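Required output: the full structure, derived from the provided sequences and hints.
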Amino acid sequence: MKTKKHENHTYIIESEDMERKNEMLLQYIKEKVNQLLQIMGTKPLRDEELNDESLIAIDPIGIIAESFEQVLDHLKESNRQLQLARDYLQAVFDTAGVGISIIDRDLKIIKCNEKQKELLVNGVSQIEGRHCYEVYCGIDSPPLICPAIETLEMERAVFLKEVTKKGKVFQIVTSPLRDRSGSISGVIEVSMDITEKKRALEAMCQSEKLAAVGQLAAGIAHELNNPLGNILGYAKLLLMEQDTTEFQKNRLEVIIEQAKRGSSIIKGLLEFSHQKMPVFERISLNACIELALRSLSDEIRSNNIEILTGLGTVPYVMADPKQMEQVIYNILLNAIQALEGKGGIVEIKSEALNGSVEVTIKDNGPGIPKEHLSRIFEPFFTTKPVGKGTGLGLSICAEILKKHSSNICVESEVGKGTKFSFRIMGGVTGNV
Amino acid sequence: MADKSGINLDVINLDIRGQICPACLLISLKEINKHKGLLRDGEANLIVKTDHRDATRTIPDAAIAMGYAVFVEKKKGYYEITVGRKDEDQKA
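Listed in order, the protein sequences are those of chains A and Y. Number 50 in the numbering used here belongs to position 50 of the first sequence; there are no gaps in the numbering. To get the numbering used here, take the position in the second sequence, counting from 1, and add 1000.
Since the hints were made in silico from the structure, they are not lab data. Hints should not be assumed to be uniformly reliable.
Stated by the list, open to error - Taking lysine-lysine pairs in the DSS-like style, the calculated list, with each CA pair at most 30 Å apart, reads:
hint, chain 1, residue 1, chain 2, residue 2
1, A, Lys-43, Y, Lys-1074
2, A, Lys-76, Y, Lys-1034
3, A, Lys-209, A, Lys-402
4, A, Lys-43, Y, Lys-1086
5, A, Lys-236, A, Lys-267
6, Y, Lys-1034, A, Lys-30
7, A, Lys-419, A, Lys-342
8, Y, Lys-1036, A, Lys-76
9, A, Lys-30, A, Lys-43
10, A, Lys-362, A, Lys-416
11, Y, Lys-1076, A, Lys-43
12, A, Lys-43, Y, Lys-1036
13, A, Lys-21, A, Lys-32
14, Y, Lys-1034, A, Lys-43
15, A, Lys-362, A, Lys-168
16, A, Lys-416, A, Lys-166
17, A, Lys-32, Y, Lys-1049
18, A, Lys-260, A, Lys-362
19, A, Lys-342, A, Lys-416
20, A, Lys-30, Y, Lys-1036
21, A, Lys-43, Y, Lys-1075
22, A, Lys-76, Y, Lys-1086
23, A, Lys-43, Y, Lys-1049
24, A, Lys-384, A, Lys-322
25, A, Lys-43, A, Lys-21
26, Y, Lys-1036, Y, Lys-1049
27, Y, Lys-1049, A, Lys-30
28, Y, Lys-1034, Y, Lys-1076
29, A, Lys-32, Y, Lys-1036
30, A, Lys-76, A, Lys-32
31, A, Lys-322, A, Lys-349
32, Y, Lys-1034, A, Lys-32
Claimed, not checked - Facing chain A, a subset of chain Y residues (Cβ under 8 Å, in silico):
hint, residue
33, Leu-1025
34, Leu-1026
35, Leu-1029
36, Lys-1036
Note that the structure is predicted; figures quoted are calculated from it, not measured. In this text, a Cβ means the ideal position worked out from N, Cα and C, and glycines have one as well.
Structure follows, in structure tokens:
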């Protein structure tokens, strides 16, 4: 501070000036102490509580500064724990075996885990912030039936037992997401892929159905064969009688025809139920194809079918020749029947493929609708008119091929036709 | 200052009855700062006895912000504010 001792009045002025400045400084410190106290959650100090002496004695700024240090330490520790909890949660979120999405009230995706992206998102890079119906359902506006909307409106969890999306089967659970006040701020959607589980369950049902059919068939088929044989025999005898009228002959022919049909159903059932183990021999599939075509020559002719054969040079295979002929026969018969007597082309090919032989049978019939494709190998499933098919042909094929460690493949397009194919492992030297 | 504090095993007593708030907050904070090691480690609890009602709000608010657990109990004619380590199993 500047002092000018040689001039008395100036000294007094300067001393008053210093006192005023000190007061200002004390006032400033009091204000700051009160400000800090307010931050610490208390009321401002009254003048009598914080006079100049107590300001020094209590050292409020020192106390508060040290307390702030603890507040900061506490905040740092809280942050660290929060980060840790977030990391754990994120790890669980990302590695969960189910798809998880968090959706807000406007149906916009806030967060979505990797599994959910894998299950439901195809080629969309930016997911967060977009509407769930747009990303998951591929539509521009919310659907009429939506578990997320139902959860938001009804404020309860919604469970969808089975939903088919993007070729997969899902179970979906939506649960309300509540904020601290308890009101609903969004929805947590969990999707479980049950495609494989469902397939396994269906396969199990199929096996059970097959076993039941087997038992039933074995029980009654044989018993029915004898009376049917008698009906057929006596009807034929009556037909040979001299005095049978034309009207009676017509009726007898119907009896014979129906009895034969009954026999063929029983034959199918017996074949299906006997589940004979194949007798493996070194055979030529081309020979089986030729035999099957010969057996079907009447049907081919009467239905006006053009057969295109493309039998390649294929290796011998180890298979049961009768069963292979039956598989080819059944598929060919199916193709012929699919053309409904309107004529058409059936193409049968055999070719060598990586040491195995692939047989393909293709028709240009009406094709199989998508909803029937998964059922055509079920026993008794048929789309043919009543009396035209038993629904056993293709299930017999599937069973036989299963025993040959193979399976039957089908591709079909409505209006264009159907293609069946199967492969039998080669492994026997020498070509046909 | 009516600072009658003293360490009694794991309890640090601070009797500020008769003090007017907010000075009692400053005194309590000073005591918390002084024993922060023991309090943080859970080796001691600070028990503040005050007859000022406002202190039952200001002291807990400040102590909670500093990361302590606080428990207020009404006694005959005064309040007892216990400040200690934040622990799920520990009440104070």
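Taking the hints in turn, this is what the structure says about them:
{"no.": "1", "hint": "A:Lys-43 x Y:Lys-1074", "verdict": "holds, 22 Å"}
{"no.": "2", "hint": "A:Lys-76 x Y:Lys-1034", "verdict": "holds, 21 Å"}
{"no.": "3", "hint": "A:Lys-209 x A:Lys-402", "verdict": "holds, 16 Å"}
{"no.": "4", "hint": "A:Lys-43 x Y:Lys-1086", "verdict": "holds, 26 Å"}
{"no.": "5", "hint": "A:Lys-236 x A:Lys-267", "verdict": "holds, 20 Å"}
{"no.": "6", "hint": "Y:Lys-1034 x A:Lys-30", "verdict": "holds, 23 Å"}
{"no.": "7", "hint": "A:Lys-419 x A:Lys-342", "verdict": "holds, 18 Å"}
{"no.": "8", "hint": "Y:Lys-1036 x A:Lys-76", "verdict": "holds, 16 Å"}
{"no.": "9", "hint": "A:Lys-30 x A:Lys-43", "verdict": "holds, 13 Å"}
{"no.": "10", "hint": "A:Lys-362 x A:Lys-416", "verdict": "holds, 10 Å"}
{"no.": "11", "hint": "Y:Lys-1076 x A:Lys-43", "verdict": "holds, 25 Å"}
{"no.": "12", "hint": "A:Lys-43 x Y:Lys-1036", "verdict": "holds, 24 Å"}
{"no.": "13", "hint": "A:Lys-21 x A:Lys-32", "verdict": "holds, 16 Å"}
{"no.": "14", "hint": "Y:Lys-1034 x A:Lys-43", "verdict": "holds, 23 Å"}
{"no.": "15", "hint": "A:Lys-362 x A:Lys-168", "verdict": "holds, 29 Å"}
{"no.": "16", "hint": "A:Lys-416 x A:Lys-166", "verdict": "holds, 25 Å"}
{"no.": "17", "hint": "A:Lys-32 x Y:Lys-1049", "verdict": "holds, 28 Å"}
{"no.": "18", "hint": "A:Lys-260 x A:Lys-362", "verdict": "holds, 29 Å"}
{"no.": "19", "hint": "A:Lys-342 x A:Lys-416", "verdict": "holds, 14 Å"}
{"no.": "20", "hint": "A:Lys-30 x Y:Lys-1036", "verdict": "holds, 26 Å"}
{"no.": "21", "hint": "A:Lys-43 x Y:Lys-1075", "verdict": "holds, 24 Å"}
{"no.": "22", "hint": "A:Lys-76 x Y:Lys-1086", "verdict": "holds, 15 Å"}
{"no.": "23", "hint": "A:Lys-43 x Y:Lys-1049", "verdict": "holds, 19 Å"}
{"no.": "24", "hint": "A:Lys-384 x A:Lys-322", "verdict": "holds, 26 Å"}
{"no.": "25", "hint": "A:Lys-43 x A:Lys-21", "verdict": "holds, 27 Å"}
{"no.": "26", "hint": "Y:Lys-1036 x Y:Lys-1049", "verdict": "holds, 18 Å"}
{"no.": "27", "hint": "Y:Lys-1049 x A:Lys-30", "verdict": "holds, 27 Å"}
{"no.": "28", "hint": "Y:Lys-1034 x Y:Lys-1076", "verdict": "holds, 28 Å"}
{"no.": "29", "hint": "A:Lys-32 x Y:Lys-1036", "verdict": "holds, 25 Å"}
{"no.": "30", "hint": "A:Lys-76 x A:Lys-32", "verdict": "holds, 25 Å"}
{"no.": "31", "hint": "A:Lys-322 x A:Lys-349", "verdict": "holds, 19 Å"}
{"no.": "32", "hint": "Y:Lys-1034 x A:Lys-32", "verdict": "holds, 23 Å"}
{"no.": "33", "hint": "Leu-1025", "verdict": "holds, 5 Å"}
{"no.": "34", "hint": "Leu-1026", "verdict": "holds, 5 Å"}
{"no.": "35", "hint": "Leu-1029", "verdict": "holds, 5 Å"}
{"no.": "36", "hint": "Lys-1036", "verdict": "holds, 6 Å"}
The structure meets every hint from the earlier list without exception.
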